[in-house]
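*Asks:* Chain by chain, the residues run as shown.
Number of protein chains: 2
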Amino acid sequence: MIDIPGITSLIEQQRQEFPGLSNKVYFNFGGQGTLPRSALEAIIDAHEFLQQKGPFSGRVNNWLQQKAALLRQELAQELGVSSETISLTENVTEGCNIVLWGIDWQEGDRILMTDCEHPGIIAIVKEIARRFGVEIAICPILETLNQGNPTAVIEEHLTPKTRLVILSHLLWNTGQVLPLEEIVKVCHNFPNSDRPIAILVDAAQSAGSLPLDLAALDVDFYAFTGHKWFCGPVGVGGLYIRPESFDSLNPTFIGWRGIEIDEKGQPIAWKNDGRKFEVASSAYPQYEGLRAALAVHQDWGTVEQRYQQICQLSDYLWQGLSQIEGIKCLKNSPPEAGLVSFEVTRNLSHKKLVKELEEKGFLLRTLYHPDCIRACIHYFTLPAEIEQLVEAIDLIVK
Amino acid sequence: MIDIPGITSLIEQQRQEFPGLSNKVYFNFGGQGTLPRSALEAIIDAHEFLQQKGPFSGRVNNWLQQKAALLRQELAQELGVSSETISLTENVTEGCNIVLWGIDWQEGDRILMTDCEHPGIIAIVKEIARRFGVEIAICPILETLNQGNPTAVIEEHLTPKTRLVILSHLLWNTGQVLPLEEIVKVCHNFPNSDRPIAILVDAAQSAGSLPLDLAALDVDFYAFTGHKWFCGPVGVGGLYIRPESFDSLNPTFIGWRGIEIDEKGQPIAWKNDGRKFEVASSAYPQYEGLRAALAVHQDWGTVEQRYQQICQLSDYLWQGLSQIEGIKCLKNSPPEAGLVSFEVTRNLSHKKLVKELEEKGFLLRTLYHPDCIRACIHYFTLPAEIEQLVEAIDLIVK
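From first to last, the protein sequence lines are chains A and B. Sequential numbering of the first sequence, starting at 23, is according to the numbering used here. Sequential numbering of the second sequence, starting at 23, is according to the numbering used here.
Take the hints with a grain of salt, since some may be wrong.
Remember, identical chains collapse to one label, so a pair may be satisfied in a single copy or spanning two.
What the hints assert, rightly or not - The list that follows gives simulated cross-link-like pairs (lysine-lysine, DSS-like), each with its CA atoms no further than 27 Å apart:
(1) Lys377 <-> Lys183
(2) Lys286 <-> Lys353
(3) Lys183 <-> Lys373
(4) Lys46 <-> Lys89
In short, the hints are calculated from the structure, not lab data. A quick note: this is a predicted structure, and the numbers were derived from the prediction, not measured.
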């Protein structure tokens with residue numbers, strides 16, 4: 023048993039908050055986090071409030087605006103930024119779309135992205151390239167997992183035509199944490215640039231798992247979601263836009279939430295904060311669910327404490343997996359966050375192993391590229407769950 | 023009391039399903055419908071199912087796809103179309119954005135829209151015009167409320183450069199129903215067109231209140247929401263795309279839901295049905311809520327029966343309001359659907375009247391253009407509620 027003195031009983035208590043943890047051994051936080059009981063209660067309360075006082079009324083409309091403002095504020099605190107830099111979105115992908123379609127592309131502009139990005143993001147970039155004559159460059163970051171320098175790889179691939187660099191802060195496939203501060207510096211200081219190079223971060227895995235101080239990082243765009251590591255309900259996310267980059271971005275998908283109107287109802291200006299990129303009616307009750315989920319984590323400990331706990335537990339899983347004959351972890355050193363990816367070196371497909379594990383109550387997922395299995399550890403994962411998983415995999419692989 | 027033999031007791035029974043109706047007199051269905059009890063239960067059940075079986079697992083992923091397919095199918099039935107023509111969206115505005123950004127605009131192309139469209143839609147069109155050098159023409163439909171021919175007005179404003187006509191089926195401000203079938207014919211058969219003219223309908227007010235047979239209408243794009251007349255939860259809507267117009271539209275906001283990937287996770291094609299325009303994770307539990315809401319209406323009666331009931335009750339309100347000194351209905355003949363708009367002809371602002379009514383438990387809203395107040399009638403509105411509203415307005419205006 024891993025030795026984390028005094029902390030296991032606190033975790034046992036925290037786990038009572040998560041009904042999704044009670045009947046299985048869950049390792050898919052990078053797909054979707056388990057919703058706290060209080061978050062579901064907050065969602066139900068919000069639905070009931072809407073029916074009680076509206077659903078459409080002056081009072082409810084004020085309430086919704088206040089609650090949305092609170093959510094922007096609390097998400098901003100999680101990222102270390104101020105609340106007017108946050109736009110509420112439906113998911114990470116919407117945030118990336120807002121940025122990618124908001125830049126005034128010129129023919130010949132270049133997008134540099136890593137070879138570890140999500141298919142959905144690749145598909146946006148391909149359509150941007152087709153419509154505007156933008157060029158796509160892919161840089162090999164995957165091979166820097168155990169050796170080499172990802173910053174240097176990105177730097178080598180910058181050209182005077184590069185306008186945007188797209189990367190994930192915490193790679194969804196291998197679990198590598200990219201040195202974002204260094205990469206941002208290299209991009210912003212690239213001397214041969216025709217125009218400033220902006221950085222768009224897919225923060226699907228990093229927001230809610232890594233301690234963040236985005237204001238200090240100078241990153242331009244950081245698209246995240248509430249339903250993975252923050253354990254909020256599915257359908258709410260956000261986009262951080264650095265104040266210096268705010269005016270460079272035009273809204274694309276547009277609606278009443280992003281505009282100012284005159285007394286005739288005519289749109290006359292964009293809202294001058296993150297709401298500029300918000301569109302129209304959303305599943306507002308989920309906003310309250312996400313706020314409740316954030317509170318659950320904060321009550322337990324600081325983001326730094328949670329991150330340390332994640333790393334300690336990930337290390338434990340990584341060590342356990344490394345000792346199984348027939349399993350090879352992709353990383354040859356302990357994980358830097360909650361994602362532990364591994365492959366089976368024997369004659370057993372990853373799909374089959376994940377399916378067998380799901381039948382035994384262990385939830386993990388396969389990835390396409392590299393072909394592997396991913397287990398996610400949250401701060402409230404139990405050492406005993408890790409031991410059970412290692413044992414179950416060992417048994418099946420044997 | 024209005025004479026609708028035998029029907030009032032059935033309505034009383036149906037109203038028990040809607041907690042939002044119990045403590046007020048509600049006339050804001052065009053803003054947001056009241057959520058049935060069973061819809062909230064379906065939302066809660068879905069959240070609990072996710073935690074029970076996932077939230078991220080092979081089983082849950084299959085379940086979500088099945089439920090999304092069922093929702094597309096049931097919405098398609100409501101519109102009289104087949105389910106592969108439906109894309110699920112977050113709201114009406116997203117549907118309009120999908121269409122407006124999906125057309126391959128050429129400089130000089132022309133968008134014709136009515137003078138009764140929503141500010142959010144106007145704002146999209148203005149940004150499209152700015153980015154692509156597209157021209158905007160506005161045609162005066164407002165003045166056809168009581169006289170004249172809206173089809174003729176639209177026809178007069180078509181030019182060889184017109185590529186898209188934007189209109190609302192049921193105008194959100196005056197409650198006028200536009201003769202969509204006639205308008206579509208005129209646009210599709212316009213002889214001097216450089217390219218076919220497509221029609222985008224903002225169906226915020228019509229879907230769920232008018233009987234619809236879109237397949238027979240030949241309309242190209244019909245963007246609607248579940249949270250107004252269908253009384254579903256906020257945050258779920260849809261877009262119908264006519265099969266003949268499917269290929270003409272490119273996806274803009276893009277994500278994993280709309281693409282096919284190869285075994286390396288690379289996007290290789292769009293999905294070949296309405297999912298092509300869907301993006302990423304949504305508030306899926308709300309999908310179940312909308313399905314439950316649709317079932318509540320279907321259990322009560324056919325859409326034709328509901329529409330007849332709406333018209334009968336609207337007529338009753340229109341007559342009642344018409345008799346108040348100091349109130350003038352915008353329409354000088356009975357309403358064609360559930361929206362009844364009126365103005366105060368005395369020295370009392372519309373905002374003030376709506377605020378006073380809200381304090382007395384009557385929920386209505388003001389509109390900007392024309393400056394007026396709107397009361398919405400659903401099929402389960404009670405004649406007694408209409409009488410109370412008329413009395414309350416009469417008292418205040420006096």
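*Asks:* From the Cα coordinates, with 27 Å as the cut-off, is the pair Lys377 and Lys183 best called within, between, both, or neither?
*Replies:* neither (46 Å within a copy, 56 Å between copies)
*Asks:* Between the shortest in-copy and the shortest cross-copy C-alpha distance, which are at most 27 Å for Lys183 and Lys373: within, between, both, or neither?
*Replies:* neither (41 Å within a copy, 54 Å between copies)
*Asks:* Have a look at Lys46 and Lys89 and pick one of within, between, both or neither, based on CA distance no larger than 27 Å.
*Replies:* between (34 Å within a copy, 23 Å between copies)
*Asks:* How would you label the pair Lys286, Lys353 (within, between, both, or neither) given a Cα cut-off of 27 Å?
*Replies:* between (60 Å within a copy, 20 Å between copies)
Violated hints for the displayed structure, listed by number in ascending order: 1, 3.
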